[in-house]
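Protein chains: 2
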Amino acid sequence: MTKSPVIDPRRTLTLRDVSEASGVSEMTVSRVLRNRGDVSDATRERVLEAARTLGYVPNKIAGALASQRVNLVGVVIPSLSNMVFPEVMTGISETLEDTGLQPVVGVTHYSPEREESVIYEMLSWRPSGMIVAGLEHTDAARAMLAQAGIPIVEVMDIDGAAVDSAVGISHYRAGRQMADAILAAGYRRIAFLGTMMPNDHRARKRLQGFEEVLSRTGLALADREFYSGGSALLKGREMTAAVLNRSPDVDFLYYSNDMIGAGGLLHCLDRGIDVPGKVGLAGFNGVELLDGLPRKLATMDACRLEIGRRAAEIIAAKHPDGIIGGEVIELFPTLQPGDTIRRG
Amino acid sequence: MTKSPVIDPRRTLTLRDVSEASGVSEMTVSRVLRNRGDVSDATRERVLEAARTLGYVPNKIAGALASQRVNLVGVVIPSLSNMVFPEVMTGISETLEDTGLQPVVGVTHYSPEREESVIYEMLSWRPSGMIVAGLEHTDAARAMLAQAGIPIVEVMDIDGAAVDSAVGISHYRAGRQMADAILAAGYRRIAFLGTMMPNDHRARKRLQGFEEVLSRTGLALADREFYSGGSALLKGREMTAAVLNRSPDVDFLYYSNDMIGAGGLLHCLDRGIDVPGKVGLAGFNGVELLDGLPRKLATMDACRLEIGRRAAEIIAAKHPDGIIGGEVIELFPTLQPGDTIRRG
DNA sequence: ACGATGGCTGTTAGCGGTAACATAGGCGAT
DNA sequence: ATCGCCTATGTTACCGCTAACAGCCATCGT
Chain R
1 MTKSPVIDPR RTLTLRDVSE ASGVSEMTVS RVLRNRGDVS DATRERVLEA
51 ARTLGYVPNK IAGALASQRV NLVGVVIPSL SNMVFPEVMT GISETLEDTG
101 LQPVVGVTHY SPEREESVIY EMLSWRPSGM IVAGLEHTDA ARAMLAQAGI
151 PIVEVMDIDG AAVDSAVGIS HYRAGRQMAD AILAAGYRRI AFLGTMMPND
201 HRARKRLQGF EEVLSRTGLA LADREFYSGG SALLKGREMT AAVLNRSPDV
251 DFLYYSNDMI GAGGLLHCLD RGIDVPGKVG LAGFNGVELL DGLPRKLATM
301 DACRLEIGRR AAEIIAAKHP DGIIGGEVIE LFPTLQPGDT IRRG
Chain U
345 MTKSPVIDPR RTLTLRDVSE ASGVSEMTVS RVLRNRGDVS DATRERVLEA
395 ARTLGYVPNK IAGALASQRV NLVGVVIPSL SNMVFPEVMT GISETLEDTG
445 LQPVVGVTHY SPEREESVIY EMLSWRPSGM IVAGLEHTDA ARAMLAQAGI
495 PIVEVMDIDG AAVDSAVGIS HYRAGRQMAD AILAAGYRRI AFLGTMMPND
545 HRARKRLQGF EEVLSRTGLA LADREFYSGG SALLKGREMT AAVLNRSPDV
595 DFLYYSNDMI GAGGLLHCLD RGIDVPGKVG LAGFNGVELL DGLPRKLATM
645 DACRLEIGRR AAEIIAAKHP DGIIGGEVIE LFPTLQPGDT IRRG
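Chains as they are written, first to last, in this note's numbering: chain R, 1 to 344; chain U, 345 to 688.
In case anyone wonders, no lab produced these hints; they're calculated from the structure.
Hints are all accurate, no fakes.
Quick partial rundown of chain U residues pointing at chain R, CB under 7 Å, derived from the structure:
(1) K404
(2) W469
(3) Q491
35 Å max Cα-Cα, derived DSBU-like pairs, lysine-lysine:
(4) K640/U to K549/U
(5) K278/R to K205/R
(6) K622/U to K296/R
(7) K278/R to K296/R
(8) K640/U to K296/R
(9) K278/R to K622/U
(10) K622/U to K549/U
(11) K296/R to K205/R
(12) K60/R to K404/U
(13) K278/R to K640/U
(14) K622/U to K640/U
Bear in mind that the values here come from a model prediction, so they are computed numbers and not experimental data.
For every residue, glycine included, the Cβ atom is placed at its ideal position computed from N, Cα and C.
Model the full assembly from the supplied sequences, consistent with the hints where possible.
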């Protein structure tokens with residue numbers, strides 16, 4: 001607006017302002033503020049002093065455009081409201097901390113279309129890398145990621161084809177493993193309780209692995225119950241009540257996540273049901289919340305922190321020039337039997 | 345690197361590529377992609393087709409620099425791992441959704457220094473607005489925010505001086521209100537259990553209000569216990585056990601958040617303590633987790649969703665030219681007595 | 001027929017930095 | 001003194017896009 005030479009006191013400052021205030025060229029100021037190249041101590045002091053008193057904040061937009069370098073890493077996750085993704089974020093942040101890279105979060109609410117648009121939006125800021133939850137994306141999203149020319153890490157899941165790198169666990173195998181443990185403990189009439197969401201591919205894969213093991217033993221799920229939305233703990237209670245009413249003879253409840261599992265556990269204890277004698281329970285995730293429950297729910301930890309760390313390491317690794325990528329890192333969750341499965 | 349005229353197939357695309365592929369000027373392409381200005385339908389189609397087949401993703405860095413407009417809103421919060429801030433985020437996202445603005449999250453881990461650096465980092469991207477949790481900041485951070493020339497909204501708390509606008513509740517008053525309710529129910533030997541963190545100013549203010557009411561009635565806290573880190577639910581149990589051992593005659597436990605309150609409640613129920621007859625309990629926040637507990641913990645909701653919404657509305661409101669700002673919106677939490685305070 | 005009008009497209013000049021190169025001294029070795 | 005070389009600083013040319021303005025052409029009223 002103001003093209004007049006009159007100095008607008010509310011105009012935001014530029015390098016030129018600092019340069020004039022300290023009597024050196026803009027380039028020198030730039031060098032001081034980025035700690036790059038040789039600058040004499042006297043000059044450095046003068047510049048820093050000027051920048052400080054003016055309250056100069058550099059414009060990274062201009063800097064990024066000129067240098068073709070952006071210190072941002074896009075992180076695309078389905079949700080922030082269940083404990084799992086925040087913990088992945090923690091792992092990412094920790095690891096990125098001393099690399100100068102900064103995570104930027106986008107949330108998709110489990111919608112593929114939203115995911116596509118979030119990815120598009122993020123790529124338009126030309127980040128140095130992208131971390132995306134899951135392997136399932138729209139074709140357009142996959143194409144954009146593949147073309148972006150930056151490291152891409154798909155996290156949480158490794159059952160499928162990755163665009164570039166991947167870090168996660170096999171949910172399919174996790175489901176099988178839990179089924180094995182449950183069968184080994186002698187349970188036979190097993191019910192599944194989980195989310196309705198058709199786009200929660202990881203829960204789907206766990207269930208698939210789980211059912212495969214059952215059917216190979218000549219069994220099938222005795223009952224199943226789905227939910228969506230609401231307080232997971234409360235939903236867990238309600239679903240459990242529904243299942244136990246409908247199928248009084250079930251002897252095991254397999255939940256797609258720990259939160260509803262915890263609700264189910266509380267319900268069983270309320271009803272005075274013998275856990276794990278009459279009914280066993282298991283969840284998934286290994287959330288620390290469980291530590292405070294009256295009885296420890298059987299679960300499998302999803303290696304969330306570790307996944308975040310490893311993903312960030314891949315992004316931060318300066319694959320100098322030749323972008324290598326294409327790593328797939330499988331982590332192995334451990335079964336935590338807790339107190340809700342009969343001990344062999 | 346490649347200054348040669350040879351086309352690098354991995355070079356990222358620019359407007360020029362789309363312009364050449366569709367036979368119109370860059371400017372026209374830009375207009376099509378932004379839906380701005382008049383473009384004939386035929387041209388529009390041709391451009392969109394070209395952009396789609398090439399897989400062009402605009403460079404917002406260049407766009408932002410040229411237009412001096414950035415569709416980002418910085419959101420600075422202490423943590424993602426307790427349910428409260430994600431819910432504020434939800435309110436913000438919802439409201440920003442149809443404004444073209446996009447939230448960018450930064451996490452401070454309750455450290456003022458980290459907060460300062462996160463704010464600096466964010467301002468250097470020249471966002472359209474900033475939403476920052478709390479009113480307590482370093483002098484430098486406050487100065488940067490004040491000088492930024494964009495709307496600033498400080499959220500959660502209104503007990504103090506705002507840089508620009510503020511949306512939140514009075515935690516001081518919330519503490520007083522809870523104390524009134526507890527005293528009214530006849531409890532007299534009251535203990536406080538809360539976080540150690542010196543930078544959780546809101547918990548501090550609640551406690552301050554709480555103690556003021558007690559002391560005005562000639563009472564003082566019968567005991568107090570602090571924690572930091574770890575599973576809040578478990579910590580709640582442990583702290584509660586410690587307090588009940590040390591001070592067997594307390595008749596009320598006031599927790600600084602619902603999560604430890606829930607742990608405390610579970611502990612009391614385990615021990616078969618008469619709640620709320622012998623011992624009453626109350627927390628703070630109104631997290632939906634509580635709905636699934638065996639007994640509903642008394643709490644006060646912190647209006648988190650609403651705070652997020654109102655803050656985003658202030659940012660999104662196109663205060664055309666004349667930046668008005670300076671609004672302070674106080675919300676009023678409601679006391680939810682639940683089942684853990686004796687009913688008068 | 002003619003300027004006025006309006007729809008559509010192109011041209012020019014930056015936005016605020018940084019890479020790359022150029023330059024001015026100062027100093028020791030020859 | 002001459003040269004080379006290093007240190008400290010300045011100059012120039014963009015990065016990829018958009019605001020602002022300048023054309024051009026068909027249509028329209030008179």
